[in-house]
Structure formats: structure tokens, C-alpha cells
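Asker: Chains as they are written, first to last, in our numbering: chain A, 1 to 321; chain B, 1 to 247.
Anything over 10 Å on all C-beta distances counts as not near chain A; from chain B, calculated:
1) Val25
2) Pro36
3) Gly38
4) Glu119
5) Gln133
6) Lys197
7) Glu236
Restraint ranges, calculated between C-beta atoms of paired labels, are given here:
8) B:Asp164 <-> A:Leu304: 35 to 41 Å
9) A:Leu213 <-> B:Gly176: 42 to 48 Å
10) B:Lys166 <-> A:Arg320: 34 to 40 Å
11) B:Gly58 <-> A:Ser243: 37 to 43 Å
12) A:Lys89 <-> B:Ala64: 56 to 62 Å
13) B:Glu238 <-> A:Tyr306: 50 to 56 Å
14) A:Lys245 <-> B:Gly58: 39 to 45 Å
15) B:Ala64 <-> A:Lys181: 41 to 47 Å
16) A:Asp217 <-> B:Lys60: 55 to 61 Å
The set of hints was computed from the structure by calculation and includes no laboratory data.
Keep in mind it's a predicted model, so treat the numbers as computed, not measured.
Glycine included, C-beta positions come from ideal geometry on N, C-alpha and C.
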Amino acid sequence: MRLKDLTKIESWNYVPLTIKKTVQAELSLKEDISCPLIPHWDEYWESEKDFSALAAVNNSSPLMNINDELVVDFSHKTHQVIIAPANKKSTLIIPSQDAKNFGNKRLDILVEENSELLVIHPSILEFELPQLMHLHFYVQKQAQVEYVGVNMGGVQRLNLRAYMQGENSNFNLRHLGVNRKTEQNHLFVAMEHESPRSTSNQLIRTLQENKSLFSCDNIVHIPKNITDCEAHQTINSLLLSGSPKSMTKPTMLIYNEQVQASHGNTIGSLDPEMLFYLLSRGMDLDSARKTLMRAFAHEVFMNLPYHKVLKSLETQVLERL
Amino acid sequence: MLNIEDLQCSLEDGTQILKGLSLQVKPGETHAIMGPNGSGKSTLARVLAGHPAFTVTGGKAELAGENLFDFETSERANKGLFVGFQHPIEIPGVKNADFIRLAVDSKRAFLGQEKIEDEEFQELLDKNLNMLQMGKSYVERGLNEGFSGGEKKRNEILQMAMLDPKVAILDETDSGVDIDALRIISEGINTLMTPHKSIILITHYQRLLDLVKPDFVHVLSQGKIVKSGGSELALELETKGYDWLVK
Chain A
1 MRLKDLTKIE SWNYVPLTIK KTVQAELSLK EDISCPLIPH WDEYWESEKD
51 FSALAAVNNS SPLMNINDEL VVDFSHKTHQ VIIAPANKKS TLIIPSQDAK
101 NFGNKRLDIL VEENSELLVI HPSILEFELP QLMHLHFYVQ KQAQVEYVGV
151 NMGGVQRLNL RAYMQGENSN FNLRHLGVNR KTEQNHLFVA MEHESPRSTS
201 NQLIRTLQEN KSLFSCDNIV HIPKNITDCE AHQTINSLLL SGSPKSMTKP
251 TMLIYNEQVQ ASHGNTIGSL DPEMLFYLLS RGMDLDSARK TLMRAFAHEV
301 FMNLPYHKVL KSLETQVLER L
Chain B
1 MLNIEDLQCS LEDGTQILKG LSLQVKPGET HAIMGPNGSG KSTLARVLAG
51 HPAFTVTGGK AELAGENLFD FETSERANKG LFVGFQHPIE IPGVKNADFI
101 RLAVDSKRAF LGQEKIEDEE FQELLDKNLN MLQMGKSYVE RGLNEGFSGG
151 EKKRNEILQM AMLDPKVAIL DETDSGVDID ALRIISEGIN TLMTPHKSII
201 LITHYQRLLD LVKPDFVHVL SQGKIVKSGG SELALELETK GYDWLVK
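My request is simple: use the sequences and hints to build the entire structure.
Answerer: Here it is in C-alpha cells:
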């Protein structure tokens, strides 16, 4: 399956952001660009001429190939289209998009046949101005995506859609949220199984305290004619102190019986029996609590391919707990 | 070493579990506590360790002359009390080796000592793993994660060996353990026992006591010790059961 086939995607909830004129002036935008990857592109092109997504196409090609490893630079391109080339292992790093103003970024990522893509997406923010990130993956035949996202701080929303368009395509999602004070972490995930024998696994964990807020709207969709798929979805929220809120809505829309699927959703506090066990071995209460929090978070990073950025991210995140 | 006098405790709802239990354990002694289900054996271990589900309503327990109930759970452990649990808890995400090292360093910090050096820790760990015939993979895994019953119990003895307690209370260390594992665990306990330490074995079965010889055997029933004797008492219980004592 190639780019032209991707246009069959019907769902589209993206609201483009009008960028500042100063930034716009820096972009040498082409008019009458067509981008078949993006549904309803023409409509947006007409209505939002200054839509910064065009920054992605300000060069001769609207697309950017990952050459082994790519660090996304959103400084002038708030909407980019990226290809993970066929038959290759590659890594995509999406750095934190902290800003003193409202942010709205989008990546469309085509994961070609037989490719293996590791996506490392730390979103560690200081400011409380809302940052929106849209990630759309189009996963082709026998391609695999390992997505690891960390949301800490700020007010942020991640919209992640994975379209498993090829047979035996696979999407593994790991997400860790850490929210303190009045921070907010909103997550919208849609796993669209569009081909037989596609698989998706999700592990979403959040640690919250004070008056922080986490919401998760999570959909797995397996249509009637798409059989032999596997989909697993786990959402665990740990409420540590204060009066944080966690609102999770796991949904599995499965329209045939030839699937393996599971979902689990828990909200709770630190396990007192685990705490007691650690205390009985001489750890003080603070160390025991931190050990359990780190263990909870650590599981998000377990059994992942080695990458130095990922390892560093894990270390930094666990140290901050 | 451990002196318990008229110990009484209850659950939050007021249900009394221990109803005046007394026990003296001297250095170098091994005691076995036996008794029917629900008699309070595991409660005794948990109360001494400081489990928050229980409230001490009377009596005292001293470890090396200090009132245990003046201290928090972690302090009791660092002062030399070790409880090997009947159902060791699984904590995924905490590597067993890291956990053991944290525990060792906690005790050293409590005693005003420096953290253990890498080499010293590894040497000690390897020695104890060998003693318990445990492969290195056990300490690379999550704490008790996916361990069989026998592996969990061996891991408890490994922790005991690493922490070098004054008094070890081993709660049904023999349950869920096959014959070979029981032999290994028992040899480990015997190796770790010194004239300066004390061990309390909580068990239902004679088979553990064949391998770890107790100096004293006590029968606990309805929250009290109703009979004490030598190792021959365990043999008698094996043939006669508990009915003749608890009626």
C-alpha cells in the first residue's frame, strides 16, 4: 500500500492553527500543492492558506525520509510528513515542544512495509499553556512501530491515531504521564485495525498528585471484515496525594469474533502490602514509596529496544519521581 | 534476644487475634511454632514486623532489650528483625538485585555505615546465591515476579542472608516448596544460624523440622501458646494432631 491508498481514511478531527505572520513570512510556501496523504487537504488548503503544515512542503518534496534516525524540528514546520523507509530499522525522536504560547503540531508518519520504527516522544513541559500534538501513523504490511511517550508537566494533549493498513502490521504504544500541581495530561488514542492479522498493544500509566488531571479516551476499532487481529489495552492510574482526577474511557469496537482482545483499567493508590514488604526490609517510608512509584513507571520502559536517548529519558524520568 | 510477654493484638474491627502470648528466645536458639489454621501464627510474625492492619492492645516485645513497638517497621528491620513471609509479594519493575542492595544500604545507613561497595555487594550476593543454588538470573528479574512458590521462599532466605538479622521469623517457609527446594532452604537456614542469632520457624509440618532441628517447639492455639516442649513435641503432633491440645 502506498500514499494514494492512505486517502481512504475518513476520520479527521484536526483543527489547524493559524501561525504568526512573522513565522509565516519565513516560509517560502508553494501554492497549489497537493498532498494525497492528508485527507481533505484541498479543503484545508483553500480555507487555511497560512496553515503552517505547508512548511513541510516548502521544499521540492512534501515528505521527509528518516535516514536511520531523525529528530523532528518543529521550529518552522508545525505539520510534517515523515516516512519510515521500507525494510529498514529507524528511529524518530520527537522532542518536547514547550512554549510560552499555545502550540499545535502534527506529524503524519508513513511506516512502510517491513520496517521497524522506534518513536521516542518525551513531552516534558514547564509552562502551563496548552500544547497539542497530533500523531498519525499509517502502518504498512509487516511493519512494526514501537512508540514510547512521556508526558510530564504543563497542560498537554496528545492525539494519536494508528492506522494498521497492512497485514501483520503491529503497533505497540507505551505512554507514561506524570502530573503534579494543576498539570493536565489528555490523551486520545485510536487504534484502527484496517488489515487482517494486525496487532496493537497499549500500556498507558500515569502518576498523579495534588489537583492534576488525566483524561484518556482510548478506542480500539476492528471492523467486521478484518479478522485474526489482536488488540490489548491497559490503562493504570496511580493517584498519590491530594485530589487528582483520572478519567479514562477505554472502548473496544470489535465487530467480528475472530480476534484476541483484552482491556484493563485500574485507578488506585500505592499498594499497602507492597509498601509493608519494602518497609520490613529496612527501607524508610519515603524510599519505599519512591521505589514503588519508579517500579510503576519503569514497566513502561521494559522490554524495549535499546536506544541511548530512550535510556536517558527513562533515567531522567525515574530520577524526577 | 527476643522477649515477648503477654502480647495481645487485634484487627481494626476489634477482633482479637493474639490473646496473651509469651515467648522467650535466646541467642543461638531455634524455636518452632506450630498450630492449627487461624491460631495466630502468621499474625505474630506480622505484628512483630509492624503490619499496620494490627493494633497491639497489650503486652510487650523486646528485641535485644529494646521495646519493638517503640519503632517503625523499617527501624525494627534495621535493628535486626527479619520476617520471611508466607506469601512474599511480587513487585514488578523493581529488580531483585536493586531491591536487595537498597535493603542492605538502608541497614548500613541506619547503623551509620557507608553504602556497600559494588565489589563487596556482588561478592556477598554471589556467595549467597551459590549457597541457595540460585542462578544469577533470579536477581536480574523483578522482585519475586513470576517466581514459583519455592523460588519465592528461596528469595526470602537470600534476603535473610544478605541482611544478617539478629532474629529471623520464617513464616511457613516450607509451604509450596518441593522436597529438593526444602532441602536447599533448610541447608541455607542451618548455614546462616550462628550462636549469636535466633530463628523462629512457623510451620505446619514435621518435614521442615527434620532438616532444621528446633531446640523448642510451641503450640499456638487461639492466640496463646498452649504447650511447649522439645523437638519430640513436633513428632507427637505429627501423629496425634492438635485436637488433644486445643479442646
